[in-house]
Every structure is written in C-alpha cells, then in structure tokens.
Amino acid sequence: MNELSGAARPAIGRGFRLQWEPAQNAFVLLYPEGMIKLNASAGEILKRCDGAATVDEITASLEQAFSTQGLQADVLAFVAMAHERHWVSLS
Amino acid sequence: MSAAPASDAQVSPHGAARPGPPLWLLLELTYRCPLHCAFCYNPTDFARSGPELDTQEWIKVLREARALGAVQLGLSGGEPLARDDLESLVAEAHELGFYINLITSGVGLNEPRIRALKKAGLDHIQLSFQDSTRQMNDFLSSTRTFELKSKVAALIKEYDYPMVLNVVLHRLNIDHVEEILEMAQRMGADYVELANTQFYGWAWHNREQLMPSRAQVERAEEVTRRFRERTDLAMRIFFVVPDYFERRPKPCMNGLGSIFLTVTPDGTALPCHAARMLPGLDFPNVKSASVEHVWYESQAFNHFRGFDWMQEPCRSCPQKTRDFGGCRCQAYLLTGDAANADPVCDLSPHHHLVTEATARAEQALAPAVQASAPAADGRVVERPLIFRSPANSSRLFP
Chain A
20 MNELSGAARP AIGRGFRLQW EPAQNAFVLL YPEGMIKLNA SAGEILKRCD GAATVDEITA
80 SLEQAFSTQG LQADVLAFVA MAHERHWVSL S
Chain B
411 MSAAPASDAQ VSPHGAARPG PPLWLLLELT YRCPLHCAFC YNPTDFARSG PELDTQEWIK
471 VLREARALGA VQLGLSGGEP LARDDLESLV AEAHELGFYI NLITSGVGLN EPRIRALKKA
531 GLDHIQLSFQ DSTRQMNDFL SSTRTFELKS KVAALIKEYD YPMVLNVVLH RLNIDHVEEI
591 LEMAQRMGAD YVELANTQFY GWAWHNREQL MPSRAQVERA EEVTRRFRER TDLAMRIFFV
651 VPDYFERRPK PCMNGLGSIF LTVTPDGTAL PCHAARMLPG LDFPNVKSAS VEHVWYESQA
711 FNHFRGFDWM QEPCRSCPQK TRDFGGCRCQ AYLLTGDAAN ADPVCDLSPH HHLVTEATAR
771 AEQALAPAVQ ASAPAADGRV VERPLIFRSP ANSSRLFP
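Sequence lines, in order, name chains A and B. For the first sequence, the residue numbers in the working numbering are 20 to 110. For the second sequence, the residue numbers in the working numbering are 411 to 808.
None of these hints come from the bench; they were simulated from the model. Heads up, some of the hints might be wrong.
What the hints assert, rightly or not - Pairwise CB distance ranges (calculated):
no.	chain 1	residue 1	chain 2	residue 2	range
1	A	S80	B	D692	23 to 33 angstroms
2	B	A699	A	N58	29 to 39 angstroms
3	B	N520	A	E22	28 to 38 angstroms
4	B	K561	A	D75	41 to 51 angstroms
5	B	K567	A	N58	50 to 60 angstroms
6	B	D455	A	A42	33 to 43 angstroms
What the hints assert, rightly or not - Below, a list of computed lysine-lysine pairs in the DSS-like style, where the Cα atoms sit at most 27 angstroms apart:
no.	chain 1	residue 1	chain 2	residue 2
7	B	K528	A	K56
8	B	K529	B	K567
9	B	K529	A	K66
Stated by the list, open to error - Going by beta-carbon spacing under 10 angstroms, a handful of chain A positions derived as facing chain B:
no.	residue
10	Y50
11	G53
12	E76
Ideal Cβ placement from N, Cα and C applies to all residues, glycine included.
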C-alpha cells in the first residue's frame, strides 16, 4: 500500500473491536489482551470506518457533523496511521 | 453503538484519590488442569483451595465488574476448558460487552467446543506451548500433549481467530527459541509471546532449575532480533525480558489496585494473580462482597495504592511513579517484607539476592532434561523439578 487514497474504504481491523465505554467516557479499541483509549477525534473517525464509507465520505461526514472544513489531510493521516497499526483494514 | 459526545476530550489518567475502574478482569475459573507445568504461577497450596464458584456466582462477578467498567476479560485457570459451563460464561460476558480472551493449554478444545465458543462470542484464544519439540513440551508439562496442541492450533486458525502463542521460557527450553519461532510461523501464529518465567508459585519452588544463564538470555534475544528482521515475517514477536536480569523493576500491574482484578476459583479477589501469598492483606471473597466493595473499599485492594506504603529507597525515588516499586510478591518472596523495593532494582539494599540467584545459574552445568542445581558448597546435586499437581501440592502442604 503506497499513498492512501480518498477512495479507500477503511474497516475496523480483524481482531479489533471499537466500543464506547461510559466508565472511561471514551471510545476504546479492544484487541487481544489489550485496549487503546481513543481521544475524541480518533473515536469519531473510527466509528465511521464501517467498510462501506470511503475516506472522502468519512471526511465529509465529520465536516458536516462538526460544522467545519478542511479535515481531509487530518483524516487521511489518521487512517494511514491506523492502517499501519492494523486498527483498520482497507478495501 | 452509542454516539460520542462531541466535547469528549481524552480523559487524563485518574488522580490518586479515587482509583479508576478495574479495566482488566482475570477469572481463574478452576485450578483443575490436565498439565503439570513446573513453571506454573498458581499457588503451590492450590490443593487446599475451597470449592469452585458455580455458574451463577461467576455470572454475578461478570455483571458487577462490567458495571464498574471492566472491559478486558481473561478466562484462565488451571485449564478453563475443564469447566463445562465455559460456553455459558462466554455468552454472558459477550452480552455484557467484554472483550473475551481464553488463556488455555488447548487440552479439551475440540471442534464442537470451539464452534460453540465462537458462537457465544469468544474474541480471542491464547494457546500455550511449552517448547517446539514433543519431547520437551511433554516433559515440561509432565504430559503427552504436543500433537494435540498442534491440532488445536490448526483449529484456532480454521475458526479465524487471531492466534497468540505463548511460550514460557526458562533454562531448559530457552536455547530452542529459534525452533520455537519457526514452529510458530509454520502454525500461522499472528503473535508469539516469549515470556520468560516469572518466579512465583511452582516456578518459585523450581527456581534454581529454571533460571537461565545470562548468556542464554542474550542468545535468545539475539535470535529473536534476527527473526524479527526477516522481511517475509507477518508474525509479531514479544520477548518478555526476565526481570532477574534487569536493573529496574517491572511496573507490576501498574501498581496493585490500579487496573487489574483477579478472582481465584473459590471466589477470593486479588489485586494480582500471585498476591494471595502476601501477609497482612485481608482478601475479600466475591461470594460475600460486591465487586464494587472489593475494588473501592476493601483493605486488600487499598493497602498498596498510592505511595504512602513505600519505604526507602522507593519513597523518595523519582522512578516510583513509573515502576511503583516493582512487584510486591517478589519483594515479599525475596526479602520477607512486601513493602520493600523489588530487589530486581539495583537501588534496593537486597539487590544481591537477585544477582546471587543469577550467578548460581552461571555456575550450574549445561542444562539437561534432568535439571541439576548447585548446592551451597558449589557441588552440583541432582534436584528434580517438582511438577504442579494436586498430589505434589498436598505433599508440600499436608
């Protein structure tokens, strides 16, 4: 996988599970014998990684939800990092 | 999935005043085990343990812990597959939202059971191996299980589980690390944990025979490093360094009562799976106390929280917020006082107890299957491994 494209469709990686945890007031990513506590923006991106939406569509959805513009570079960078760490797979 | 509030920022670690939730719940469902591993951390007096909790009692623990915020669940033992209600417990835990890890020797895991466990919502299986060879595996676990475990490994792959192989390393198998890693790769493991023996329970009893030499440890690390560099390798390898060879202690459990809660087969709640040995702690039982009481109120879980219990050199040490003084059980086993610094730390006045133990491993002869240990006068005497079994437990604690 070279440069990440806005047309890629990320999905939560095999063996990982994304879950909202009230006790931690955060989304967490669960995996064998471990847990990553996500900050707000990471949680917002990952909960949109359903294997159907493209990175561009996820960006548009976030920009709409938070009434803002210009998130594409941030979203691409995060998804690329998440892919590298196997948090998401790409199709 | 519920929606995240937009204002939800990353929450900072909990303050000292109120501990966070017990994020990690380890249920030791039973002490029954078909293996008899000489390095098991289970208490050597397990034969004296009371009756196991029944299904409803375990379900009560699951519900109460989950309500407090527990999210990672380990199902262990003994061999958890020895419980015939394992599938029901997994189903309940899954319903509650736990991420469920089965920590197993694989003995008892056949196709109908793995199918039922998958259906019930089991997330992950960690399979233990004792070595890469049938002879050593079967010797170290005092059973004949190697072929069976290999079949179970294939079954785990077939049911599309990420496979974590766990191999406990020690003097008698650490020279086989390369073969162990090759075996793991052939089996299609996703992760391999090369976990050097931690000296508690049966392993403590057999410490002299299980302690590797420094040269052995360094060779194993070098082999692991070379293996990791292979470009064709998708498998990830964790090498857990044996802490006796370190100069700073491990941040054991991130401090007792910080994130970790163990419940033993009879319902005794512990802040670490080895903690039952610690004197002066009044361990509550989940049969008579709520998990909330156990975690937030009980003396046993509060005693080693924070830093007030510490003595010098920990008390004034800047490292204390990182390593929490190391392991309380190790401090107790080696020095007789659980509030001492973990003697693995070279700032501990008892550090010589650790270096003497590793020095004895240097002097011992080349490891053989008949483990030998040097006597006090330096002569090498035959001392057999004591395998973990109900009979040996009763013999040690009549």
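Legend entry - Violated hints, by number in ascending order, as checked against the structure: Hint check: 1, 3, 5, 12 fail, others pass.
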